[in-house]
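J.: Construct all of the structure, not just a fragment, from the sequences and the given hints.
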Amino acid sequence: MTQRAVCSRCESPLEAGDLRCAICGRAAEEHARSVARASIQVLRCESCGAAVSYDAKVGAPNCSFCDSVMRLEELVDPVEQTEGYAPFRVTRDEARAALAAWLKRQGFFRPADLAQRARLESIKAIYWVAWVCDARAYVTWTADSNEGAWRSAWAPHSGAVQLAFDDVLVSASRGLREEEVRALAPYVDLKAVAAEPSVLSDGTPVALETFDVQRSGARRRIVSAIHRSAAHVVERDHVPGTRFREVHTSALLESLETRRLALPAWVFAYRYEDRLYRAVVSGGDARGITGKLPFSLARLFLVIGAVILAGLAALTLLPILLRFFLG
Amino acid sequence: METEQLEIRCDDCGATLTMPAHRFAAVCPFCASPSVVDRPAGESSARREPPDFILGFVIDRAEAERRVKAWIGRSRFFAPSALKQAKVHSVEGIYLPVWLYGCIAHSQYEARIGEDYTTTESYTTTDSKGRTVHRTRTVTKTEWRELSGTHASYVLDVLVTASKGLDNAELETIEPFDLRAMRRYDPAIVSGWAAEEATLSRDEGHELARSEALEFIEDRIEDFLPGDSSSLQHFDSRLSSEDTDLVLLPIWVFAARYGPNAESLRILINGQTGEVQGKVPRSIVKIVAGSLLGLLAVALIFLLGLFALGVIGSFL
Ligand SMILES: [Zn+2]
Ligand SMILES: [Zn+2]
Ligand SMILES: [Zn+2]
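Each protein sequence line maps, in turn, to chains F and C. Numbers 1 to 327, taken from our numbering, label the letters of the first sequence in order. Numbers 328 to 643, taken from our numbering, label the letters of the second sequence in order.
Among the clues, some could well be false.
[What the hints assert, rightly or not] Here are the simulated SDA-like pairs of lysine to any residue, each with C-alpha atoms no more than 25 Å apart in a straight line:
1) F:Lys-57 x C:Asp-513
2) F:Lys-124 x F:Val-170
3) F:Lys-57 x F:Val-79
4) F:Lys-57 x C:Ser-417
5) F:Lys-57 x C:Lys-468
6) F:Lys-292 x F:Arg-110
7) C:Lys-468 x F:Arg-245
[As the list claims (entries may be wrong)] Now the in silico label distances, taken between C-beta atoms and shown as ranges:
8) C:Ser-568 x F:Asp-237: 23 to 31 Å
9) F:Ser-224 x C:Ser-568: 17 to 25 Å
10) C:Arg-547 x F:Ser-201: 53 to 61 Å
11) F:Val-199 x C:Glu-499: 55 to 63 Å
12) F:Phe-324 x C:Lys-468: 26 to 34 Å
13) F:Glu-121 x C:Ser-568: 51 to 59 Å
14) F:Ser-224 x C:Ser-455: 55 to 63 Å
[Unchecked claim] Covered, in the sense of this in silico footprint (three residues per stretch, anywhere, with C-beta under 8 Å from a C-beta of chain F), are these stretches of chain C:
15) 335-343
16) 376-389
17) 436-448
18) 470-480
19) 504-511
20) 545-551
Keep in mind that the hints were calculated from the coordinates and are not lab data. All residues carry an ideal CB built from backbone N, CA and C; glycine is no exception.
T.: Here you go:
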C-alpha cells in the first residue's frame, strides 16, 4: 500500500492537493515551505520583463504591458472520479425474472392484471455512482424521552458514545431517486470491487454514470450523511425509553475514508395502460428491487366505500346497542 | 532586488505595511494619518514569519471605487460636505493579516431543562349575574430538571485580526470570507499590492481566538439542549489540538480625514464578496438641521391630519 497523508488531528486521509482537512479544518502538512519563505518581492514578467502584479479579474498575476498571465498553482477542487466498479452478477434474464416475480407479488391496491399486462419497453444496464464511507465518530447527544418523566411526558437525557461506521452508502446519483437508492443499498456487494466496469456476456452495453460533484461539495454531502447516520443510531440504540423527541447530536468524526464507487443496476421501463413505470433491480443481487407501481383506483374506492359503510353501520347500530345495554 | 517595495509604519494606528512604491501616498492607507515613516522594504520584512495561507482579491479597483461611491451616496445627508465632494481616488487594496484558529473542544455542561405539562386548576370568578362560581381551566406549566453531560465538536475557521490597525470588531463587520477559496501563501499573489505585517503576535492572536471559540461553543451547547425551554448554567471546555495559522485576507480600504483634528473616516470592502462597511463622521450642524426638519415634517403631517378630519367632519 502506498504511503498516504493522514490528518494529524482527526486521522482522516487527505487527498492530493488538499490545503486543509475537510473534516476538522487542520492545515495539511506543507511539502515545499521554501516557496513561502521568500519575502514579498516584485515579480518580473517572463515575456517582457515589466513588473507584474496580481489581477483580481484574472485571479492570477498579470502583466499590464504585454497582457501575459502567470500561471499559479491551481485551486484543487476536482470533479470526483470513479475508483472502482462492483461487478454485475445478475444477468439480463435473471433481472427480468425478478421483475416479473416482483410484479406478481404486489399488494391489494395494485391492479389484479398487473403481472400479465405490464409490457416491457426497455431494459438498460447501468452503473450508478455512490460514495461508500468508513468512519469513527465520538458522538455526544441529548434528547427528551418518556423514561424518567415526572408530571411532563418528557424528561431530559444526555450521553456520549463511540461509534464505528462501515460501508455507509451515500448516493451521488442523479439518475436514481433517493428512495430507490435506499431500497438497493442493502444489496450492494462491495467484496469484489474491480478497477474496470463489468462486460456483460450477452453483449448488453453498460451505461456509466459519472460523478458530477466537485470534491468540496462531495465532502459536505458525505459529512452530513455520516452525521445523520450517527443521529439515527443514537435514536435507535442509546436514548432510553420508548418515545423520544428533540434529539440533538454533536460528533467528532475521525478517520473518514471514502471510496468513490460505481454500482450495477438493471433499469426497466414498462407500460401499463398507456403509462410508463420504472423499476430498478440491483445488478449485484436480484433481491434488491424497487420501483414505481401503477395504483388501482378502483380498489382504493372499494376500500373507502367499505370503510364508509362500516362507519354508517356503526352509527345506526350505536343507538340500538346503547338502548340494549343501558336499558 | 530593487527598492520597488516600501515599508510604511503609521504612528497613529500602528499599522505596518509593505507596498509597491508606485502606490505610495504620504498618508497611512488605513487611517489617512500623515504621521507615517517609510523606508525601503528589506531585511526586516524578509525575516518575518511568512503567512500560511492567502485569499486572493476578486473585487477589482474599479468595482471597489464604485461601491465606495455608492456607499457614500447612501449615507450622504449627514456626511460633511467635504466628503461628498471628495474624489474617491485613494482606495487601497490591502492584504490584511488575520489569525485562523481551530481546535477540538470537549465540554462539560450543567443546564436546567424546562419540560412543559398541562394541568387543570380550579379558580373562582363571578358570572354574568354577579354570583361567585368555581370553575376549572387547563394551564401549561413547566417543570425544571437538571441535566449535565458532555459536548464534543471541532471548532473551525475562527478568524481574529492580527493587525493593530484594524480591530476585531471592525473585521467582523465585513466577514464572512469564503475560506474554501484559500490558497497556500505565494508571494506572486501579493505582488503589486500592499500587505500589512502581523502586528499582533501569534500568542495574542491565540488568546483572542480562544475567547471567540468559547463564545461559539457556548452558542452550540445552548442549541444542543433538549426540552421546551432550557438555560445553560455552567460549562467548562477543554480545547486540544489547537492551531493558529497566519492568513492574508483581501480588503479594499478608503480612508480620509477632513481637517487636522477631525475623526478619520474609514470604509472597508471585503475584497472577496464586495461587502461594504464604514462609519461616516457626522457633521453636528447637519444632525441638528436634520432633526429640526424631521420635527417640522411631523408637525406638518399632524396639521394635515387635523385638516382632513375637519373636511370629513363637514360632510357628515
Ligand atoms: Zn482532520
Ligand atoms: Zn509582460
Ligand atoms: Zn494609520
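J.: Hints first: check each against the structure and report whether it holds.
T.: Structure-based check of each hint:
1. F:Lys-57 x C:Asp-513: Roughly 18 Å between the alpha carbons, so the hint for Lys-57 (chain F) and Asp-513 (chain C) holds.
2. F:Lys-124 x F:Val-170: holds (23 Å)
3. F:Lys-57 x F:Val-79: Holds - the C-alpha atoms of Val-79 (chain F) and Lys-57 (chain F) are around 24 Å apart, at most 25 Å.
4. F:Lys-57 x C:Ser-417: holds (20 Å)
5. F:Lys-57 x C:Lys-468: violated (61 Å)
6. F:Lys-292 x F:Arg-110: holds (11 Å)
7. C:Lys-468 x F:Arg-245: holds (19 Å)
8. C:Ser-568 x F:Asp-237: 23 to 31 Å: holds (29 Å)
9. F:Ser-224 x C:Ser-568: 17 to 25 Å: holds (23 Å)
10. C:Arg-547 x F:Ser-201: 53 to 61 Å: This hint holds: roughly 56 Å between Cβ atoms.
11. F:Val-199 x C:Glu-499: 55 to 63 Å: holds (59 Å)
12. F:Phe-324 x C:Lys-468: 26 to 34 Å: violated (44 Å)
13. F:Glu-121 x C:Ser-568: 51 to 59 Å: Because 57 Å falls inside the window, the suggested range holds.
14. F:Ser-224 x C:Ser-455: 55 to 63 Å: With Cβ atoms ~60 Å apart, the hint holds.
15. 335-343: With 0 residues close enough to chain F, the hint is violated.
16. 376-389: Three-residue rule met by the region 376-389 of chain C, so holds; n is 10.
17. 436-448: Holds: 5 residues of the region 436-448 of chain C have a Cβ under 8 Å from chain F.
18. 470-480: holds (count 9)
19. 504-511: With 5 residues closer than 8 Å to chain F, the region 504-511 of chain C meets the three-residue bar; holds.
20. 545-551: holds (count 3)
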